[in-house]
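*Asks:* All chains should be modelled from the sequences, with the hints used to inform the complete structure.
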Amino acid sequence: MNCQQATHRMTGLFDKEPTPEMDLVREHLANCPACRALFEEQQHAFEQVRQSSRVAASHQFGAKTMNAIANAAALETTSTGDFWHLQGWRRWAVAACATALFVFLLPLLPLHLGGGRSTPAFSVLAQSIEAMSDIQTIHMTGRMRTLPGDNFELIGTDYGFVPLEIWRQYNPSRWRVEKTGRAVVMDGQSSVLYIAKLNAYMKAPPQAGFVEWLRPLLNPESILQSELDSAKQTPSEVTESEADGTITLTVQRKAKGSFTNSWAMNKSIDESDHTCIYKFDSATKRLQSLQVAIHANGQDVTVLELNDIRYNQPLPVNIFALQLPAGAEQIPTVEEMPPAAAPIPGPKETAEYFFNALAREDMNAVRDVLPANPLLMELVKSKFGGLSILSIGEPFKSGNYGGYFVPYQVRLRDGSEKSFNLAVRNDNPQKRWTVDGGF
Amino acid sequence: MLTMAQQIETWPQTVAQFERLVEATQDDLVNFAFHQLGNQADAEDAVQDVYVQAYRDRVKRHHITEVRPYLFRMVRNRCTDLHRFWQRRIAEPITDGVASSEDIFSSVAAREQSQQLRRLLDSIPSREAEVIRLRAFSELSFAEIAIVVDRSVPTVKSRFRYGLDKLRHALSAEGGTR
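Which chain is which? The protein sequence lines are Y and F, in order.
Each residue of the first sequence is one higher than the last, beginning at 0 in numbering that gives the first Met the number 0.
Each residue of the second sequence is one higher than the last, beginning at 0 in numbering that gives the first Met the number 0.
Hints were generated in silico from the structure; no laboratory data involved.
None of these values were measured; they are calculated from a predicted model.
Take these hints with a grain of salt, some might be off.
[Said to hold, decoys possible] Derived CB-CB ranges, DEER-like:
no.: 1; chain 1: Y; residue 1: E20; chain 2: F; residue 2: T9; range: 27 to 33 Å
no.: 2; chain 1: Y; residue 1: A207; chain 2: F; residue 2: T9; range: 43 to 49 Å
no.: 3; chain 1: F; residue 1: E138; chain 2: Y; residue 2: H7; range: 21 to 27 Å
no.: 4; chain 1: F; residue 1: R126; chain 2: Y; residue 2: R49; range: 16 to 22 Å
no.: 5; chain 1: F; residue 1: K59; chain 2: Y; residue 2: G437; range: 56 to 62 Å
no.: 6; chain 1: F; residue 1: W85; chain 2: Y; residue 2: T301; range: 54 to 60 Å
no.: 7; chain 1: Y; residue 1: P373; chain 2: F; residue 2: T13; range: 54 to 60 Å
no.: 8; chain 1: F; residue 1: T9; chain 2: Y; residue 2: E46; range: 29 to 35 Å
[What the hints assert, rightly or not] On the chain F side, residues computed to face chain Y include the following (Cβ under 10 Å):
no.: 9; residue: E8
no.: 10; residue: V14
no.: 11; residue: E22
no.: 12; residue: V148
no.: 13; residue: L166
The beta-carbon is built from N, C-alpha and C at its ideal position, and this holds for glycine as well.
*Replies:* Below is the structure:
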């Protein structure tokens with residue numbers, strides 16, 4: 000190898016992995032002071048460039064970038080899902096909410112999950128959403144401390160456990176939630192709630208709120224979205240750990256709502272200080288189980304457990320067709336109630352109207368403020384008909400409830416007295432005051 | 000033993016894989032972009048844009064096996080786009096914008112050094128300086144740099160040699176050589 004060839008080829012010595020041919024160049028350099036001097040000058044110049052200024056990505060860069068990628072992932076996921084048949088702007092609103100969630104997550108991570116570059120909880124979130132993209136069916140079983148016939152939101156530390164079961168199908172989107180005494184089926188066209196003790200049902204659009212707090216569980220991909228979205232509203236703390244093939248995400252959250260009057264405290268999960276423990280399979284990132292404990296009176300009490308979650312298994316035929324028993328009657332929605340004799344101006348007046356009507360046993364007047372099927376009317380009449388009003392107090396708000404609670408004390412026909420709070424609300428399109436419960 | 004960065008042989012398809020990709024390549028890409036753009040904030044924005052684009056395009060890029068060079072190529076293109084954009088907006092495209100407060104101390108020192116180096120590298124043809132930067136900052140081979148700049152390996156090597164010779168003379172003129 001001559002000097003011209005060596006000069007031409009010595010660039011190869013700067014390559015990442017010099018080829019065997021470079022041995023010849025090295026041999027020439029070893030024997031040629033002029034070429035060696037040239038190479039050393041080149042090497043010096045290159046090292047100056049190499050060592051002059053190297054910056055690293057900032058401490059937050061990895062988390063910010065994964066946040067941006069998860070935004071993209073969330074938008075993809077949300078734009079391909081069925082979103083409870085949401086149309087147009089609503090679907091985009093959901094996608095926007097998902098995006099907002101991830102943006103929200105970023106400042107949360109360094110506070111609660113350590114400031115390292117890795118973003119484990121963030122990754123769990125993004126990956127669990129991604130993992131749900133190939134789910135066709137989900138079947139969850141568990142139990143909840145509630146009253147069998149009451150709504151799906153009610154919990155109580157003194158209540159026993161009631162079995163709970165959830166079936167979910169995608170494409171087409173259908174689901175069923177059932178506990179002893181109540182079942183809700185969304186068949187793609189409508190939601191139907193069946194109440195066994197009244198042998199009555201309510202029918203509403205697919206997005207009707209019959210299942211309340213359980214609704215996010217019907218879309219497991221949105222569980223963490225819901226959790227972190229909720230965390231925006233109330234103080235919360237998220238921790239994440241991984242062991243034995245399971246990722247555990249623990250979310251601690253304060254009760255939602257106003258508790259100037261503590262009546263609604265600990266009557267639902269949202270209205271309790273509570274801890275949700277989500278367990279995800281490390282490999283698949285799918286939700287494996289959920290446990291919810293509320294912190295009441297200095298104790299942690301488990302109120303919800305979903306310990307058996309199965310994916311992509313065939314669901315029973317007709318599970319999404321609610322078979323109503325013979326004689327089942329429809330409870331009217333507010334929109335379907337007959338026109339009231341006269342508009343009622345407020346919550347206290349609604350309570351007065353309701354109890355006065357019961358005192359007179361005027362069930363047509365009761366029907367002005369109570370959406371009910373004939374059986375419920377009969378039950379109400381037999382228990383409260385002919386009552387005497389002892390007092391009706393001032394309405395108050397509590398917790399997350401959209402209406403008011405009105406304290407009352409009445410004497411029933413059998414001589415017993417009952418003191419409780421009547422729930423009344425008018426958050427419907429007609430702004431019509433109705434009795435919602437509490438009797 | 001292969002480094003984590005070298006082990007990325009196929010275009011990632013999942014968020015978890017992208018997390019590993021970001022962890023393995025972020026420093027090299029941000030450093031490369033920093034020397035293209037002149038400040039850390041712009042560099043990180045550009046690199047972040049590239050990662051997001053890489054995620055969005057993951058399906059159509061699934062066949063790509065040279066992941067690192069393609070990422071550098073994407074960063075290079077992004078930086079070029081930014082330069083063009085800035086040149087339309089303002090007279091001086093390379094700003095002295097500062098990095099985030101957390102990184103300001105490290106990046107100020109780096110920027111000063113970088114400006115000295117930039118002056119030298121700016122004195123040689125940009126395509127030659129680019130190859131030197133890529134080889135110096137990215138740990139890419141000449142074959143991989145050829146992918147980044149979309150030219151043949153001999154062309155890349157020629158650019159490197161000519162650029163290094165010019166840089167050597169420039170350093171010598173500044174009294175920077177021994």
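*Asks:* So, for every hint listed, does it hold in this structure?
*Replies:* Hint check:
1. Restraint check, Y:E20 to F:T9: a C-beta distance of roughly 30 Å satisfies the suggested window 27 to 33 Å.
2. In this structure the hint that Y:A207 and F:T9 lie 43 to 49 Å apart at CB holds, the actual value being about 46 Å.
3. Distance hint check for F:E138 and Y:H7: the Cβ-Cβ separation is about 24 Å, which falls inside the suggested range of 21 to 27 Å.
4. Hint check: F:R126 to Y:R49, Cβ distance near 19 Å, so the stated range 16 to 22 Å holds.
5. A hinted range of 56 to 62 Å holds for the C-beta pair F:K59 and Y:G437, which are about 59 Å apart.
6. Here the CB-CB span from F:W85 to Y:T301 is close to 59 Å, well matched to the stated 54 to 60 Å.
7. As the Cβ distance of Y:P373 to F:T13 is approximately 56 Å, the hint placing it in 54 to 60 Å holds.
8. At roughly 33 Å, the beta carbons of F:T9 and Y:E46 sit within the given window of 29 to 35 Å.
9. Annotation: interface hint on F:E8 violated; nearest CB of chain Y at approximately 16 Å, more than 10 Å.
10. At about 4 Å, the closest approach between the beta carbon of F:V14 and any beta carbon in chain Y falls short of 10 Å, and the interface hint on this residue holds.
11. Given hint, F:E22 at the interface with chain Y, holds; its Cβ is 6 Å from that chain's nearest Cβ, closer than 10 Å.
12. Given hint, F:V148 at the interface with chain Y, is violated; its Cβ is 15 Å from that chain's nearest Cβ, farther than 10 Å.
13. Given hint, F:L166 at the interface with chain Y, holds; its Cβ is 5 Å from that chain's nearest Cβ, closer than 10 Å.
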